[in-house]
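> Chains as they are written, first to last, in numbering that gives the first Met the number 0: chain P, 0 to 637; chain U, 0 to 163.
Among the clues, some could well be false.
Unchecked claim - BS3-like, lysine-lysine: derived pairs with alpha carbons at most 30 angstroms apart: (1) P:487 to P:616; (2) P:231 to U:13; (3) P:523 to U:30; (4) U:124 to P:231; (5) U:30 to P:218; (6) P:31 to U:30; (7) P:284 to U:5; (8) U:85 to U:30; (9) U:124 to P:523; (10) P:232 to P:9; (11) P:9 to U:109; (12) P:284 to U:124; (13) P:280 to U:149; (14) P:522 to U:124; (15) P:231 to U:71; (16) U:124 to P:528; (17) U:5 to P:231; (18) U:109 to P:231; (19) P:284 to U:109; (20) U:153 to P:284; (21) P:9 to U:30; (22) P:280 to U:153; (23) U:124 to P:232; (24) P:271 to U:13; (25) P:522 to U:13; (26) U:143 to U:124; (27) P:523 to U:13; (28) P:218 to U:109; (29) P:218 to U:124; (30) U:30 to P:522; (31) P:570 to P:616; (32) U:13 to P:232; (33) U:75 to P:284; (34) P:232 to U:5; (35) P:32 to U:30; (36) U:30 to P:528; (37) U:30 to P:232; (38) U:13 to P:280; (39) U:85 to P:284.
No lab work stands behind these hints, which were simulated from the structure alone.
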Amino acid sequence: MTLLHGYAGKILRVNLTTRKIVDEPIDEALAKKFIGGTGYAAKILWDVLPKKIDPLAPENLLIAATGPLTGTLTPCSGSVEFCFKSPLTNIFGESRAGGTFGPKLRFAGYDFLVIEGRADKPVYLSIFDEGVELKDASHLWGKTVHEATDIILEDEGNPNASVACIGPGGERLIKFANIMVDYDRAAGRCGGGAVMGSKNLKAIVVDGDRGISAADPEKFYEAAVEALEAVKKRHGERLSRLGTLGGLRSYNEAGALPTKNFQTCYFENAEKVSGEELARKYLLKRRACFGCPIGCGRYVWVPAGQHQTPPHEGAEYETVDLIAVQTLMGDLEALVKASYICNTYGIDTISAGNSIAFAIEAYERGLITKEDTGGLELRWGDPDVVLALLEKIIERKDLGDLLAEGVRRAAEKIGGGAEEFACHGKGLEVPAHDTRGTTKSLAIQYAVGNPRGACHIEPIWPGMWDYSETDMGLREFGLPWPPPSRFKEIGVKRGTAYKILVSFGELAGVLGVCRFSFQSSEKKNLNLKRLSNLMSALTGWNLTPIDLLKIGERAYTLKRCFNVREGITRKDDTLPKRLMAPLTSGPTKGVKVENLDGMLDEFYDAFEWDKKTGAPKKELLLRLELSDVAEKLWKNPP
Amino acid sequence: MISMPKVLVAVPEKCTGCRICELACAYHHFKVINPSKSRVRVVRIHHEPADAPVFCTQCGLCIGACPFNALKRDLKTGAVIVDEGKCTGCGVCVQVCPYGAAVIDRDSRKLLICDLCGGDPECVKHCPEGALIYVDAEEAAAYKRLLVAKLHSKPLSPYSPDSR
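Given the sequences, and given the hints that come with them, work out the whole structure.
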């Protein structure tokens with residue numbers, strides 16, 4: 000095996016059914032084409048998974064993927080991407096966590112971990128320099144994330160190891176159960192925790208002492224230090240000082256803070272749940288993921304009282320919006336408690352909060368009653384209701400059992416027009432950014448652009464272009480400039496812009512870094528030139544910015560092909576009715592989505608996807624050197 | 000005028016646990032991406048607000064303990080320097096080090112210990128938080144006294160009036 004610079008060099012394959020554990024070398028040709036991370040993982044999922052399998056069946060794969068930049072001196076490189084077929088959406092699922100798991104997997108000698116099958120009883124996987132082993136986890140089943148992580152680290156005698164773990168949420172196959180890394184870093188979206196639970200895999204623990212080599216060590220150090228100095232300039236900015244929650248007040252002032260199950264984008268009590276309030280009362284310290292000079296993590300607690308919590312990392316912007324703002328709960332202590340519960344029971348705060356707001360609205364409209372809720376009266380703005388519903392979801396009790404399936408399935412079951420205000424895209428609950436209040440680019444992203452459904456951050460937060468008016472260094476690579484009004488729908492090159500944004504954004508997941516490292520001005524981010532310098536010096540391959548954009552587009556397109564094979568067509572590329580209806584109050588009152596079809600047409604044209612079916616055209620696939628995919632996809636045209 | 004010798008000190012309250020110092024240290028000395036070869040180690044206590052870079056304080060206890068006379072002090076920087084020709088990786092230095100700052104490199108089987116990069120510590124240059132500083136001995140002494148005093152601090156109770 001030749002040494003692949005920039006790679007740990009191996010894939011660890013674990014079959015839980017047969018208990019067979021195999022090391023497999025990284026395929027150099029595939030690495031050159033897909034690089035790593037979610038791109039390489041998408042290729043594995045495309046090649047291996049038969050279409051239409053049950054995501055909770057043993058044949059689904061759970062892949063933990065890193066990229067060549069993961070764990071290097073590249074800023075914000077503490078990434079691990081979990082990839083699988085999602086039980087929440089039944090399409091491509093990917094979910095990222097920070098912390099130290101990804102880097103440690105690489106230091107243990109593996110770029111990827113590919114898990115298949117199902118163990119006959121609960122197990123956990125330990126990966127150390129001394130060997131890889133499946134161990135009994137009967138004593139861990141039923142334990143929370145925090146408890147299980149404590150026990151594993153103590154049993155292994157290595158407090159420095161990293162644990163990726165599910166809580167009772169994953170064990171109970173809650174469709175939006177997450178995988179928690181290093182106690183509190185969440186691979187939150189798409190239900191990876193349920194996939195792990197279906198495999199009877201409680202946890203993965205990893206540590207290692209192996210190194211990663213660079214093809215040109217001097218040049219790589221130079222490039223890494225230059226990039227580090229650039230991203231360091233963001234130290235002291237809002238994201239660093241106040242965490243992701245720092246944006247909440249300004250979103251509210253702009254009429255862009257989704258509120259009351261997306262009825263409006265303005266919350267009267269926003270001050271009470273702001274990043275400033277969190278820092279003033281509950282923040283113990285900032286905590287960073289591996290290699291990150293920004294450090295947006297909030298180490299918080301509620302020291303006493305009804306909602307007391309131990310110190311933990313939590314209270315992200317998404318969590319606060321979905322659990323507090325969407326339910327009109329202006330109570331930060333109750334929110335911190337709810338966030339802590341979601342973390343340690345292992346469920347996604349976005350999907351959980353969205354489901355709770357949906358339930359309150361369904362109750363208000365009389366579509367569900369006290370009989371469904373076990374006697375609980377649901378109303379807006381009541382912390383007791385929010386926490387009680389959260390507990391019901393975790394326990395799968397009463398209405399909670401239905402909500403644990405996600406809002407799409409819950410709305411189908413409840414009926415009576417519930418789907419009109421069930422806010423999801425392809426089954427993934429809509430996060431804390433609005434297609435009307437923030438930018439119309441999000442309408443594209445939620446409807447069609449994101450391979451995993453309605454998500455704001457993958458492949459990228461598209462509002463960088465027309466909301467934040469920051470080009471991220473993409474102007475010289477064709478990003479239309481200046482950006483148009485964020486409220487304009489068609490005729491403003493939104494499709495073209497979006498294509499460049501996502502081809503770039505995909506690279507975060509492919510190369511193995513945090514998306515926040517991309518999302519700033521070119522003076523302070525990992526822009527294409529810096530990525531090109533880093534990757535070329537690291538791998539010894541000459542990777543120009545244009546090469547990288549193509550690699551991003553290839554990964555992105557392949558994920559769409561996966562979804563097309565699962566039956567996704569243009570008719571699925573849509574928005575929930577609620578996210579098109581006029582906003583009911585605040586600075587953006589009355590704004591709606593009027594011409595989604597027009598935006599979609601522009602999108603398909605820009606992306607060379609077939610306008611009728613929404614499938615990537617054969618010529619596009621051939622240009623992206625995906626001829627095998629083209630052959631399979633277009634044999635029986637979608 | 001005689002300039003004051005400098006000392007590497009940690010300001011743990013500022014550390015976020017990002018481990019950039021570990022990567023920079025290992026890379027500077029070995030040209031490899033591998034924090035296990037770092038001479039500074041970040042310790043995070045998950046359930047407490049504690050992240051701290053731990054490294055050799057150059058106390059020199061290991062110098063006298065080394066059975067092979069492999070250690071001596073660099074008179075310019077004050078750092079303990081390893082004579083790799085003499086070091087056998089026996090581990091007596093690891094045994095006596097009060098801070099857990101001495102470790103044996105798993106590949107070379109030689110002692111890994113902070114050499115202050117010859118007077119220009121790489122970790123200090125790259126720490127984004129200012130949690131590692133290289134300052135005049137007198138200024139460093141004030142930080143050191145603070146750390147000693149903190150050993151006597153009482154754990155915060157959730158019910159104390161100002162719990163932060």
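> So, for every hint listed, does it hold in this structure?
Tested hints:
Pair hint residue 487 (chain P) plus residue 616 (chain P) holds up; C-alpha atoms about 28 angstroms apart against a cutoff of 30 angstroms. Between the alpha carbons of residue 231 (chain P) and residue 13 (chain U) the distance comes to roughly 15 angstroms, so the proposed pair stays at or under 30 angstroms and holds. With a CA separation close to 25 angstroms, the supplied pair residue 523 (chain P) and residue 30 (chain U) stays within the 30 angstroms bound. A distance of roughly 12 angstroms separates the Cα atoms of residue 124 (chain U) and residue 231 (chain P); the hinted pair therefore holds under the 30 angstroms criterion.
About 11 angstroms separates the Cα atoms of residue 30 (chain U) and residue 218 (chain P), which keeps this hinted pair within 30 angstroms; it holds. The straight-line distance between the Cα atoms of residue 31 (chain P) and residue 30 (chain U) is roughly 24 angstroms, inside the 30 angstroms bound, and the hint therefore holds. For a cut-off of 30 angstroms, the pair hint linking residue 284 (chain P) to residue 5 (chain U) stands: about 29 angstroms separates their Cα positions. For the hint pairing residue 85 (chain U) with residue 30 (chain U), the CA-to-CA distance comes to about 23 angstroms; that is within 30 angstroms, so the pair holds.
Restraint check: the Cα-Cα separation between residue 124 (chain U) and residue 523 (chain P) comes to about 18 angstroms, which is no more than 30 angstroms; the hinted pair holds. For the hint linking residue 232 (chain P) to residue 9 (chain P), the alpha-carbon distance of about 35 angstroms lies beyond 30 angstroms, and the restraint is violated. About 28 angstroms separates the Cα atoms of residue 9 (chain P) and residue 109 (chain U), which keeps this hinted pair within 30 angstroms; it holds. Only pairs whose Cα atoms come within 30 angstroms are accepted, and residue 284 (chain P) paired with residue 124 (chain U) is accepted, the gap being roughly 23 angstroms.
Between residue 280 (chain P) and residue 149 (chain U) the alpha-carbon distance is near 23 angstroms, which keeps this suggested pair within the 30 angstroms criterion. This hinted pair checks out: residue 522 (chain P) and residue 124 (chain U) have alpha carbons roughly 20 angstroms apart, not beyond 30 angstroms. Using a Cα cut-off of 30 angstroms, the hinted pair residue 231 (chain P) and residue 71 (chain U) is violated, with the two alpha carbons roughly 37 angstroms apart. Of the supplied pair hints, the one linking residue 124 (chain U) and residue 528 (chain P) holds, its CA atoms being roughly 23 angstroms apart against a limit of 30 angstroms.
The straight-line distance between the Cα atoms of residue 5 (chain U) and residue 231 (chain P) is roughly 25 angstroms, inside the 30 angstroms bound, and the hint therefore holds. Between residue 109 (chain U) and residue 231 (chain P) the alpha-carbon distance is near 34 angstroms, which puts this suggested pair outside the 30 angstroms criterion. For the hint linking residue 284 (chain P) to residue 109 (chain U), the alpha-carbon distance of about 37 angstroms lies beyond 30 angstroms, and the restraint is violated. A C-alpha spacing of about 18 angstroms is found between residue 153 (chain U) and residue 284 (chain P), which places the hinted pair at or below 30 angstroms, so the restraint holds.
Pair hint residue 9 (chain P) plus residue 30 (chain U) holds up; C-alpha atoms about 21 angstroms apart against a cutoff of 30 angstroms. Between residue 280 (chain P) and residue 153 (chain U), the direct Cα distance comes to roughly 21 angstroms. Compliance with the 30 angstroms bound is thereby established for this hinted pair. Proximity of residue 124 (chain U) to residue 232 (chain P) is assessed by CA-CA distance (about 14 angstroms); at most 30 angstroms being required, the pair is judged to hold. At most 30 angstroms may separate the alpha-carbon atoms for a hinted pair to count; residue 271 (chain P) and residue 13 (chain U) meet this at roughly 27 angstroms.
A threshold of 30 angstroms between alpha carbons decides the hint, and for residue 522 (chain P) with residue 13 (chain U) the separation of about 25 angstroms falls inside it, so the pair holds. Among the hinted pairs, residue 143 (chain U) with residue 124 (chain U) is consistent with the structure: their alpha-carbon atoms are about 21 angstroms apart, no more than 30 angstroms. For the hint linking residue 523 (chain P) to residue 13 (chain U), the alpha-carbon distance of about 22 angstroms falls within 30 angstroms, and the restraint holds. The straight-line distance between the Cα atoms of residue 218 (chain P) and residue 109 (chain U) is roughly 28 angstroms, inside the 30 angstroms bound, and the hint therefore holds.
Between residue 218 (chain P) and residue 124 (chain U) the CA atoms are separated by roughly 18 angstroms; this keeps the pair inside 30 angstroms, and the hint holds. Among the hinted pairs, residue 30 (chain U) with residue 522 (chain P) is consistent with the structure: their alpha-carbon atoms are about 27 angstroms apart, no more than 30 angstroms. In summary, the hint linking residue 570 (chain P) to residue 616 (chain P) is supported, as the alpha carbons are separated by about 17 angstroms, within the 30 angstroms threshold. The straight-line distance between the Cα atoms of residue 13 (chain U) and residue 232 (chain P) is roughly 17 angstroms, inside the 30 angstroms bound, and the hint therefore holds.
Proposed proximity of residue 75 (chain U) and residue 284 (chain P) is contradicted: the alpha carbons are some 37 angstroms apart, above 30 angstroms. Taken as a hint, the residue 232 (chain P) and residue 5 (chain U) pair is honoured in the structure, with Cα atoms around 27 angstroms apart against an allowance of 30 angstroms. Using a Cα cut-off of 30 angstroms, the hinted pair residue 32 (chain P) and residue 30 (chain U) holds, with the two alpha carbons roughly 27 angstroms apart. For the suggested pair residue 30 (chain U) and residue 528 (chain P), the alpha carbons sit about 23 angstroms apart, so the restraint of at most 30 angstroms is met.
A distance of roughly 25 angstroms separates the Cα atoms of residue 30 (chain U) and residue 232 (chain P); the hinted pair therefore holds under the 30 angstroms criterion. A C-alpha spacing of about 19 angstroms is found between residue 13 (chain U) and residue 280 (chain P), which places the hinted pair at or below 30 angstroms, so the restraint holds. Among the hinted pairs, residue 85 (chain U) with residue 284 (chain P) is inconsistent with the structure: their alpha-carbon atoms are about 44 angstroms apart, more than 30 angstroms.
Checked against the numbered hints given earlier, the structure breaks hints 10, 15, 18, 19, 33 and 39 and satisfies all the rest.
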